[in-house]
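Undergrad: Going from the sequence shown to the working numbering is simple: count from 1 and add 10.
Here are the computed lysine to any residue pairs in the SDA-like style, where the Cα-Cα straight-line distance is at most 20 Å:
hint: 1; residue 1: Lys539; residue 2: Tyr607
hint: 2; residue 1: Lys490; residue 2: Asn503
hint: 3; residue 1: Lys396; residue 2: Leu406
hint: 4; residue 1: Lys463; residue 2: Asn439
hint: 5; residue 1: Lys480; residue 2: Gln459
hint: 6; residue 1: Lys63; residue 2: Gly74
hint: 7; residue 1: Lys432; residue 2: Val421
hint: 8; residue 1: Lys189; residue 2: Tyr88
hint: 9; residue 1: Lys490; residue 2: Phe444
hint: 10; residue 1: Lys120; residue 2: Arg110
hint: 11; residue 1: Lys526; residue 2: Phe361
hint: 12; residue 1: Lys480; residue 2: Ile523
hint: 13; residue 1: Lys75; residue 2: Glu55
hint: 14; residue 1: Lys569; residue 2: Arg548
hint: 15; residue 1: Lys63; residue 2: Lys75
Just so you know, these hints were derived from the structure itself, not from any lab. Treat the numbers as computed from the prediction; the structure is a model and nothing was measured.
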Amino acid sequence: LGQVSASDLVIDADGTIRRSLLSLKDEKSQTVFGLGAKLALNYLESKGITLQKVAGKPGHVKLGKANFVRFNANDGGYVGASAGGYQILSSFRSLKQGFRTISMTDILTKPTTAAMVRDRIVLIGITAESVKDSFRTPYSSGLGQPLLTTSGVQIHAEVASQIVSAASDGYPLMHVCSKPVEWLWIFSCAVVGAVLSWTQRYRIATKKFATGMNAELPLTGTCITLVAVSLIAGSYVAFLLGLWVPIVPGFIALVASASVITADVARTAATMRQTFGRYLTDQVVANLLETPFGLKLGGENRKVTILVSDIRQFSNISERVAPQEAVVIINLYLEEMTEVINQYQGMIVDFIGDSIFTMFGTPIEQGDDAQRAVACAIAMQLAMEKINSQLAQRSLPNLEMGIGLHTGEVVAGNIGSQKRVKYTIFGNNVNLAFRIETYTVGGQVLISQQTLKAAGAILRVDGIMRVQPKGFTESIYLYKIGGIGGKFNLFLNNEDDILIDLGQEIPVHYQVIQGKQLTGEIFQGCLIKLSANTAELRLEHPVELLSNLQINLVTGTEKVRGLGDIYAKVVDISNYSQNQFCVRFTAVPPEIAALLYYLRSSLST
11 LGQVSASDLV IDADGTIRRS LLSLKDEKSQ TVFGLGAKLA LNYLESKGIT
61 LQKVAGKPGH VKLGKANFVR FNANDGGYVG ASAGGYQILS SFRSLKQGFR
111 TISMTDILTK PTTAAMVRDR IVLIGITAES VKDSFRTPYS SGLGQPLLTT
161 SGVQIHAEVA SQIVSAASDG YPLMHVCSKP VEWLWIFSCA VVGAVLSWTQ
211 RYRIATKKFA TGMNAELPLT GTCITLVAVS LIAGSYVAFL LGLWVPIVPG
261 FIALVASASV ITADVARTAA TMRQTFGRYL TDQVVANLLE TPFGLKLGGE
311 NRKVTILVSD IRQFSNISER VAPQEAVVII NLYLEEMTEV INQYQGMIVD
361 FIGDSIFTMF GTPIEQGDDA QRAVACAIAM QLAMEKINSQ LAQRSLPNLE
411 MGIGLHTGEV VAGNIGSQKR VKYTIFGNNV NLAFRIETYT VGGQVLISQQ
461 TLKAAGAILR VDGIMRVQPK GFTESIYLYK IGGIGGKFNL FLNNEDDILI
511 DLGQEIPVHY QVIQGKQLTG EIFQGCLIKL SANTAELRLE HPVELLSNLQ
561 INLVTGTEKV RGLGDIYAKV VDISNYSQNQ FCVRFTAVPP EIAALLYYLR
611 SSLST
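Let the sequences and hints guide you as you build the complete structure.
TA: Have a look at this one:
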């Protein structure tokens with residue numbers, strides 16, 4: 011007679027009802043509709059609305075304005091759920107406001123009219139708690155609220171109401187995304203987490219609290235939290251609109267991808283700090299970490315400006331002082347120079363004895379690398395006055411430094427082994443920078459034509475020379491720099507070094523130094539003019555410009571006993587005689603310095 015239906019309810023593992031039965035098969039494989047579904051179908055049939063199959067779509071049925079899709083075991087947030095019969099997801103939209111109920115007592119004691127039930131679906135059932143026919147639904151609990159249950163008859167009424175509203179009014183049914191859309195949703199959450207974690211990986215948000223204190227919060231965590239909250243809110247809105255979005259897989263994908271990126275970034279940051287922390291300031295390292303595509307540790311061609319500085323004749327100075335004093339001198343010098351280099355954001359590649367190998371333009375290119383390199387060189391020369399003042403207070407000898415700069419393309423990257431690695435540069439342009447430094451004298455800054463072009467017109471050029479570097483086929487021009495203008499505004503003192511005619515020539519012996527070695531052949535000459543830092547010599551054997559000489563004062567044909575060696579560089583050739591040369595002292599022993607000072611003083615008075 012069509013008056014039999016199933017009162018079964020589908021209960022999830024946590025004891026909550028979220029699904030309803032449209033129908034199931036009995037032991038004779040006959041279709042039996044669920045109670046709520048049967049009531050709704052009978053009601054809708056009176057309105058001319060009947061259930062129809064959708065051609066070509068198994069599990070899909072159409073009822074008026076509603077399209078029902080059969081629940082599958084892995085739909086929504088379910089994994090391997092029981093999907094027997096024809097199940098649908100329940101929205102329980104009517105439970106909050108409830109249904110109109112009339113107790114049996116009211117039926118028996120109060121007058122009733124047919125209008126109360128006309129054109130309505132009426133269910134008769136038991137709601138007493140003692141019968142234990144109550145169940146949990148998604149609305150059974152809330153934050154800070156006691157657990158509420160719903161009677162079975164009300165749940166069947168909810169199912170009937172949901173079906174009637176969907177078929178008659180087009181009220182949205184609860185449905186889930188297709189598997190491709192679901193995977194796309196999870197993948198999108200993973201991408202969002204990864205992108206946020208990557209783009210915000212080193213940034214810090216500062217939050218000011220009511221107490222006036224500031225707190226630094228990593229933006230990655232803040233952004234991920236905001237996205238997670240938005241994810242939950244969006245899923246809730248979608249739920250209200252009838253779409254069940256699997257929030258847990260999306261949330262896990264969001265957090266997991268962010269965690270993986272954060273861990274990778276932390277590892278990379280640790281590597282960068284270990285590699286560059288010894289050479290760069292914290293600010294430069296932070297800027298480096300902010301430049302995701304500005305560094306390739308594997309090696310790449312980079313245009314850089316190379317700065318090489320060296321103390322003139324430090325080996326001779328260290329021979330005249332105790333080892334402990336030599337360490338004090340070099341540490342004082344390196345500490346001050348490092349501070350200056352950091353100020354101009356240079357990267358110290360290495361300390362090579364008393365030489366400093368520095369580069370500008372890698373690992374971060376800033377656009378004004380050549381200008382900063384020249385400004386750094388000028389600042390380093392100006393800082394020598396402070397260093398020598400501190401050395402004088404300790405009764406230690408003064409230092410003089412020469413600096414050479416060159417700009418060109420090099421190979422930059424990590425070299426070494428698994429146990430020890432360092433970031434450095436190499437190539438012919440590095441070799442040329444070291445060659446340029448060898449042409450300098452104390453207090454001098456020499457740059458190549460490439461550096462002059464890269465730095466621009468703000469440089470003050472005090473001199474120019476043409477040299478033939480060892481190991482290079484072509485000669486190059488070197489420029490003596492006296493200062494840099496623009497935003498740097500740094501200039502060296504351009505004091506005239508006036509030569510005094512000695513009147514009576516002082517005999518000397520000299521040897522040419524090639525590389526670090528004496529040639530062994532001793533020549534005769536004489537000292538004819540003298541100043542504080544330079545001298546004019548007449549030599550029996552001509553020497554090349556920029557040659558390094560070892561000079562000794564002699565009496566007769568023998569070196570004066572008790573006097574050390576003078577070291578000098580040939581800086582000019584006389585226009586009047588090819589045998590007269592101007593030299594710049596690079597190292598003068600204290601006893602000879604005192605003698606020459608006395609000689610100059612006696613002639614100038």
